[in-house]
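> Residues per chain are reported as follows:
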Amino acid sequence: MDELLRDFLTETGESLDRVDVELVRFEQDPNNAAILINIFRLVHTIKGTCGFLGLARLERLTHAAETLMGKFRDGMPVTGEAVSLILSTIDRIKGILDELETNQQESPGDDADLIGRLSQMAQHAAAPIPEQVPAAAPPAAAPAAVEADAAPAEPDKAASDAPERPAGEAADRLASHSIRVSVDTLDRLMTTVSELVLTRNQLLEIVRRHDDSDFKVPLQRLSNVTAELQEGVMKTRMQPIGNAWQKLPRIVRDLCAELDKDIELEMHGAETELDRQVLELVRDPLTHLVRNCADHGIESPQERIAAGKPRSGTIRLSACHEGGHIIIRIADDGRGLDVGRIRAKAIETGLAGEADLAGKTDADICNFIFAPGFSTAAEVTSISGRGVGMDVVRSNIEQIGGTVDLSSAPGAGTTFTIKIPLTLAIVSALVVETAGERFAIPQVAVLELVRAGGGGEHRIERIKNTPVLRLRNRLLPLLYLREVFALGEADRDTGFVVVMQVGSQVLGAVVDGVLHTEEIVIKPMSSKLRHIAVFSGTTILGDGSVIMIVDPNGVGQALGRAVQGQMEAIELTQSEEIAVDEKVALLVFRAGSQRPKAVPLPLVTRLEEIDCRRIEISDGRHLVQYRGQLMPLLRIDGDGALKSEGTQPILVFSDHGRSIGLLVDEIVDIVEDRLDIEVGGGRPGVLGFAVVKGATTEIVDVGHFLPQAFEDWFHHRNPAKAGAARRVLLVDDSPFFRDMLAPLIKAAGYQVTAVGSGEDALAAFKSGNPIDLVVTDIEMPDMDGFALAQAIQSVPAAAGVPIIALAAMVSDETIERGRTAGFNDFVAKFDRPGLIAAIKEQSAEATRAA
Amino acid sequence: MSVMEANRNETEYVTFTTARQLFGLPIECVQDVFKPSRLTRVPLAGPEIAGVLNLRGRIVTAINLNNRLDLKTAADGKPPMAIGIESGGESFGLLVDAVGEVLKLADGEREPNPVNLDRRLARISAGVFRLDGQLLVVLDVERVLDIGLEAAA
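Same order as they appear, the protein sequences are chains A and B.
My numbering puts the first residue of the first sequence at 1, with every later residue one more than the last.
My numbering puts the first residue of the second sequence at 1001, with every later residue one more than the last.
These are calculated hints, taken from the structure and not from any lab test.
Heads up, some of the hints might be wrong.
Stated by the list, open to error - One side only, chain A facing chain B, incomplete, derived with CB under 8 Å: (1) Ser194; (2) Glu195; (3) Ala486; (4) Ser527; (5) Lys528; (6) Leu529; (7) Thr538; (8) Gly544; (9) Ile547.
Glycine included, each C-beta is placed from N, C-alpha and C at the ideal position.
Isolated chain B, as found in the complex:
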């Protein structure tokens, strides 16, 4: 594929902020966006697991993205939004501070992670877009959910 063609291919990203960092998830990964309510915490689970909740009859495992990325939680301490994703037949909800708009971005403009990117971010980042005034980190869903393995490593 030539560079020109690559530039013409565009992907839509659901954007969100958490701990004041802008992130994007390819829209096809996102099932829904919801306000998490009645979160049940799970004793003995790691800090990344915020708990489990019932979303229309499905059990959703809520991931505390701030803890997952070792980012500082916002002052109120309660991420108000969740992004629903599915992986391996299971439902997950990424708890984030706020969900933004959907952006259409050209694949060709996606840049590899800067070498000095925070390791914890680099681990789950699939690249970076330079937007006006800020950077958007594209999340790699599978790596975000790869919780068990990392803990073991």
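Just chain A, with the same shape it has in the complex:
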């Protein structure tokens, strides 16, 4: 028999039995919405499956029943009569199913009698309908095989040439193909096998001590058999996710035909194994999501062509292990979610008020599709769009401790991401040792192992106190598991480095030893230990001892700032220089003295050479006409005479359409180097000194020069604002940036308080100084920007103060994380106009809100 059909029969049989029970419960307790939703879902699933299998007769019947139940869900009073009618429909369905099993096809016939009564009842809502058939006796008579007699009107009754047989036989035949074993039974079996393994190990240990034992050979056999048994039992629980996908190609093909669409289904990672129980539970949600993509996501070929897309749409299904989870993605390249319609629908169905929605992001609004009874489909189709599905998808996934997320881009498609914990899964793990304790690290997270120290090729190096490892052309941030786990001081120079992938980042965990790999069964963490982020579970090793499973994500968080700052493992150049935490492109020039000077290149807008004759003097200031404006020119060193002929190189710094030119003698070089400034230049305009390319170089404080030139026009430009200057708190651990940004913000008309750490920032709030806005670096020691943002929100005085983050690198991930932490805006560290614009925007918004 077709495997699809067989699965369908087994599953539907079970579902129907449950519907029977639930319906009876529902009749007794008609106000229990939970039961009704459950029944509705079951019937909906049966209907859906019938549709895929081309069982038209069943589909029509279930559709009619579902419509009636939909009315109940919308508040139509439940009558005993109606329940009887649905029960008799279910009996009829069972009859058809039995025939289906015998003949492998639906017997012809139409169920107009039942469908008519079902839809009549649905249309007349509460009004009692005239009895056409006594409701007490199910019109289809007894279920199952009796169908043949009860519907004599059906011609060509295929079942008539099949001998009558008891309904139970059907189940027997199916049972011979496969049996269903409860997971509890498998769990118990697993436990027993574990015990057996332990006992075996003890025996082996005893035999090892008695050399000439007669037990040796039989014990060896026992040992092998035990291993096989263990493997077998474990295997019973594991299945490739492809098993849950088997039906999808056909479903999609049928949907294409029905919807007149062209859809390709791509499947990746079908071999990813997951626990059978988990697999069972994600099967339906996956089917729902794929149907949803096909029905709502992918446009018709005409629309696609009009939108400039290929005629054929694609649904891409992928699965992979990621950091102790299984990630399943279902992505379509369709039209994306219509946020406007979801918003309207949410208001219409009373899920949210206009006001609630105002502050929500599009992503939040999209999540309404997971609310019960929510559907934006204009028409109710038989594929989806009845408002069952998405809420069920979510509840099914949450049941197994998973999450489902969606992202959608208008016109580009929608992606659902399901993340399921591996709680029940078996994974391969690397067993490592540190501080005399053993830990398991999921193999999926491990990229490679490197031995460091001990005269080998790899050496643990240090930048300030941060340990790093040079690995090929990358610089790998390291952490010592011993210290992460607070098990004491680690030997900082030797050890094994487990190179791990954490999300998109790579880090090295230093351990004392690497023991072996083992297939482990992940057992959930005790509820008393679940708060420990660096562990994801516990497991029992083959020798019977319990060890903790390391959560690479948790370890990544422990790396904290180091991960943030250095993870973008700076590619080492061919040269011998060692990359460090902050490499900055520097423009080296000479001005005044022979000593080289430098400014960070990103601050410089342009390098220009101007004709000295164009320099004008007005009011004692040097000016030049530059791009249609008068640009002030400043000298770095004193006010010696300007060159009167030839050309004059200048560095142009621009801010908000205004520019200043810094006069220099000669532009020497552009170098990429770290900026390790020893502050204390002592002179205004000089931040300090740094060694750049082996020469002591003055780092010029651009911030010092900006207000010199801008002073008057800032007052001129914002005369009204001058009195009501808003107070900005600038938090950055680097004195260089503090010194550079503070004058800049001041120049824009704000009062600035600059502090060097998150703690100081909190202290500033707590001391009661009024602060209107916070600008903070993200990467800081001890308390990083994210932590600070969260901490600020818990300070009552700071409620609603906008926070702008300065990031060296802005990735989508950082932005997302920042949003959650409470940042109002993100600005790249060198984007000065962006920073000022962001400050203006945020303070304006804060004023409006106030």
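Please build the complex by placing chain B on the supplied structure of chain A, with the hints as guidance.
Quick look at chain B alone, frame taken from chain A:
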């Protein structure tokens, strides 16, 4: 229920001592009594968590009762016995100094905590029995296991 009836209702208690104090647990709470072996300590866990161990294929979280109650650990520093209990589908083992006999005690004789009982004890005590020569503190299992919440409070 009259006082007389209450007196006739009896509960069996598994008794044990730890840090020289006698405790009792209703027998229906106790799954088994075992000698903890191969205890794996859990880094970063609180002092109440002695570690995790494998008891016939189940993972048992061992609670150091002395630390939990802020009692002084016996001189050898290693509680030798564990009382297995189950809560919320999980297995726990209370590490104690010694397990005693099972006592059948009348419910009516259980007295409320004396007002001056050590707060740490009062927190997890469901009452006190006056026995000959010593007092037996009845442990409230749920409160003993209520570790996370208390730390947060």
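> Hints first: check each against the structure and report whether it holds.
Quick rundown of the hints versus the structure:
1. Ser194: holds (4 Å)
2. Glu195: holds (5 Å)
3. Ala486: holds (6 Å)
4. Ser527: Serine 527 (chain A) check passes; min Cβ-Cβ to chain B is 6 Å, inside 8 Å.
5. Lys528: holds (5 Å)
6. Leu529: For leucine 529 (chain A), the interface hint holds, since the closest Cβ of chain B sits about 6 Å away, which is under 8 Å.
7. Thr538: holds (5 Å)
8. Gly544: holds (5 Å)
9. Ile547: holds (6 Å)
Checked against the numbered hints listed earlier, the structure breaks none of them; every hint is satisfied.
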